[in-house]
Every structure is written in C-alpha cells, then in structure tokens.
Amino acid sequence: MKLKQIDEYEYKQMLDSKLCSKQDMFRLASFPYVSLLSKYKNLMSYEQRKIREIEDDSVFAFFHILSLLFGIGSQSEIDTINRNMNVEPLRSAVIAARQELDPAERAPKYFELACKILLSLDKRGYSMMNVINIRVRGKIPGMPFSNRQKIADEWFSTFVNFKLEGMKKVYRELGAEMAYTFVVSSTLHSLYHFAPERYHIEYCQSEDEALHKVLRIFTELKDKRS
Amino acid sequence: MRLFAKRVRDPEVCFCQNVVEVINGLSQATTNVAWLAIARRVLTERGLIDIIAKHADNLGGYIVEECYPSDRNALLNQAEALFEISNCEIDWISNPSISVALGRVIKKMGLYDSEKKKLIIKYMLGGENSEVNNMLANEMLDLF
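Quick note, the sequences are listed as chains A and B, same order.
According to this note's numbering, the residues represented by the first sequence are 1 to 226, in order.
According to this note's numbering, the residues represented by the second sequence are 227 to 370, in order.
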C-alpha cells in the first residue's frame with residue numbers, strides 16, 4: 001500500500017476550515033512537508049548520509065519534546081520539565097500562555113512556545129533576547145561561508161511551525177488527546193515521506209499498520225545509532 | 227547624531243516612546259517571548275494597541291518631545307497600562323530594572339501623588355488599601 005498524503009495548499013485550506021471528525025484530523029496529519037535533503041543539490045554520498053542523520057535527529061527531537069510536554073515518556077524527564085516551568089526560559093512560555101485572552105488558547109499556546117523554546121536550547125543554554133531560535137540537531141557538512149546550515153535551520157523552523165499550527169488547531173477543536181495523536185501521526189507521515197525506501201510498507205494492510213511499521217523501524221534505527 | 231530625525235510633539239508618539247522605555251526595563255528581567263505577550267495583552271485590553279501599531283515603526287526616526295493627552299482619563303489609562311505591563315507576572319522586587327524604568331517614565335507624566343499612590347498600591351503592593359501599604363506607597367513615591 002501507499003500512504004495518502006495531502007499537499008501544502010490543502011493543508012492550509014484545512015487549517016482555515018473547521019475540523020469535524022477524527023478522519024479530518026488524520027487527513028490534516030498526512031501533510032508531510034518536504035525533506036531536508038531535497039533542499040540541497042549536488043551532495044556527495046557521505047554528505048547525504050550526514051544530512052539524513054541530522055534530519056532524523058531533528059524530527060525525533062521535535063517528537064520527543066512534544067511527547068514529554070503532553071506527559072508521555074520517561075518520568076524523570078517529565079519531572080525535569082515540570083520543575084523547570086518556574087525557571088527561565090520555560091517560565092516565559094508559561095507567562096506568555098497566561099496572557100492569552102481566550103482561556104481555551106492557553107494550553108496550546110504553552111505547548112507551542114515550550115516546544116519552540118526547548119528546541120532552541122543548545123550547549124550554551126538560551127539567549128534572553130532570542131529565546132526562540134530553532135536549529136537542527138547537528139552541523140551540516142559544507143565549506144566555510146556556505147549557507148547550508150542556515151537553510152537547514154530554516155527548514156526545521158518551518159517544519160516545526162507547520163506541525164505546531166496543526167497541533168494547535170486539533171487541540172482547540174478536538175481536545176488534547178487528539179492533539180497528541182495528531183503529533184504522532186503527522187511525524188510518522190513526515191518520516192515516511194522523507195525516506196520511503198527505508199520502511200517497506202508495500203505489504204501493509206492498512207494505513208494504521210503502515211504507520212506502526214514506520215515508527216518501529218525508525219525507533220530501531222535510532223537505537224542502533226545511539 | 228540624528229541629523230535627519232524629525233522633531234515630533236504628539237501624545238501618541240510620546241506614549242509609544244514611554245512603552246518602549248518600560249519594556250526596556252522589563253526585557254532585562256525576562257525574555258522577549260514573555261514581555262511581548264505581556265505588552266500585547268495589556269495594550270489590547272486597554273485599547274492602546276492601535277497607537278503602537280501606528281507609530282512603532284517610525285519611532286527610530288523621531289526626536290520625541292514630551293507631550294501628554296489633555297484628557298485626564300486618557301492620561302491615567304496610559305499610566306495604568308505602563309504600571310500593568312511592568313508589574314504583571316514578573317516580580318519587580320527581585321528585578322529593580324523594571325521599577326527604575328517605570329519610575330523614570332511616570333515621573334515625566336505629571337500625575338498627582340494621590341493618583342500615583344493608587345497605582346502603586348494596585349499594581350505593586352497587591353491592591354489592598356491597608357495602613358502598611360499606604361506607608362510603603364508613600365515611601366515609594368520618591369521613585370515615581
């Protein structure tokens with residue numbers, strides 16, 4: 001089988017209209033965006049491999065952080081996030097979310113900002129004046145003064161923005177549980193779209209089974225690398 | 227040297243300048259995500275966001291002269307907005323840059339002491355009109 005996916009135009013149209021059902025949510029989640037690799041031309045094979053790795057790590061970081069924010073994952077990591085809610089930079093996400101005039105907007109706003117802030121942290125911590133500065137996980141191979149790193153950071157920032165827009169929409173209209181399902185499904189669609197040859201879903205009976213297979217193979221791959 | 231800057235005497239522009247000054251103090255205590263959200267919410271609730279949207283981009287090219295609305299209620303609304311921005315969520319006691327910036331701006335606005343005291347009690351001392359708060363507010367008047 002092949003996964004049915006929607007394009008950017010349809011995704012934006014769906015963001016502007018009302019989501020009525022679970023089916024709508026899954027349809028919205030099937031927008032994969034484009035792979036980081038497709039942003040470059042004339043890459044050597046080792047560069048392709050490295051960029052693919054960075055793409056995987058970045059998408060995994062996004063998925064991992066959102067899962068923790070939704071309270072799914074290792075208890076010690078969830079506790080660390082909860083403990084740090086009163087400390088900068090996460091405190092900013094709490095403050096900014098509290099400022100939302102519509103109370104229903106506060107939780108999705110917090111998830112959005114906290115996710116962006118946590119994705120912006122690097123070894124040096126965070127910058128007070130630029131607390132949201134999303135960057136890919138790793139250094140893109142390239143010559144000095146090449147703008148490959150900038151392209152990668154912009155790609156990841158757009159990827160995260162697309163996914164979070166969808167997550168917020170689902171959260172507002174269908175609730176928190178569906179919002180997390182959206183995050184999982186949407187991430188898996190992207191992973192499949194970025195490297196379909198990796199997952200061998202031809203013999204899967206349903207979309208659900210195919211997505212499960214993508215998740216299984218991807219986590220196995222991540223475990224092998226680490 | 228701002229050789230080509232335009233000299234402006236407009237209460238709206240002056241308010242923008244004051245907001246920027248207060249936010250400057252706030253930005254030393256918190257990140258841009260937080261202060262932006264705070265300022266946007268307060269200014270929207272008080273119907274002042276349009277003033278910022280209208281003038282904020284040009285502010286760098288102006289030499290702003292002190293000028294305040296002649297309507298007392300409008301002036302008080304502006305002062306209250308500045309107090310609210312600087313005292314919402316961020317603790318001013320552990321972040322003195324906030325109250326210093328606010329004090330500098332409020333001093334220029336020509337409010338009566340009674341008005342200032344009311345605002346200090348409401349936004350900086352928790353809102354309770356007790357004897358202790360009155361005493362504290364009297365002492366804090368020096369700053370404003």
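In short, the hints are calculated from the structure, not lab data.
Since we're looking at a predicted model, the values are computed, not measured.
A virtual CB, placed ideally from N, CA and C, is assigned to each residue, including glycine.
There's no promise every hint is true.
Claimed, not checked - To give an idea of the interface, some chain B residues facing chain A are shown, with a C-beta separation under 8 angstroms as derived from the structure:
hint: 1; residue: ALA260
hint: 2; residue: ALA263
hint: 3; residue: ILE264
hint: 4; residue: ARG267
hint: 5; residue: SER320
The hints, checked one at a time:
1. Of the supplied interface hints, the one on ALA260/B holds, with its beta-carbon coming within about 4 angstroms of a beta-carbon of chain A, less than 8 angstroms.
2. A hinted interface residue such as ALA263/B counts as satisfied when its beta carbon comes closer than 8 angstroms to some beta carbon of chain A; here the least separation is about 4 angstroms, so the hint holds.
3. The criterion of a C-beta within 8 angstroms of any C-beta in chain A is met by ILE264/B, whose closest approach is roughly 6 angstroms, and the hint holds.
4. The beta carbon of ARG267/B comes within 4 angstroms of a beta carbon in chain A, closer than 8 angstroms, and the hint placing it at the interface holds.
5. For SER320/B, the interface hint is violated, since its Cβ never comes within 8 angstroms of a Cβ in chain A; the closest pair sits about 12 angstroms apart.
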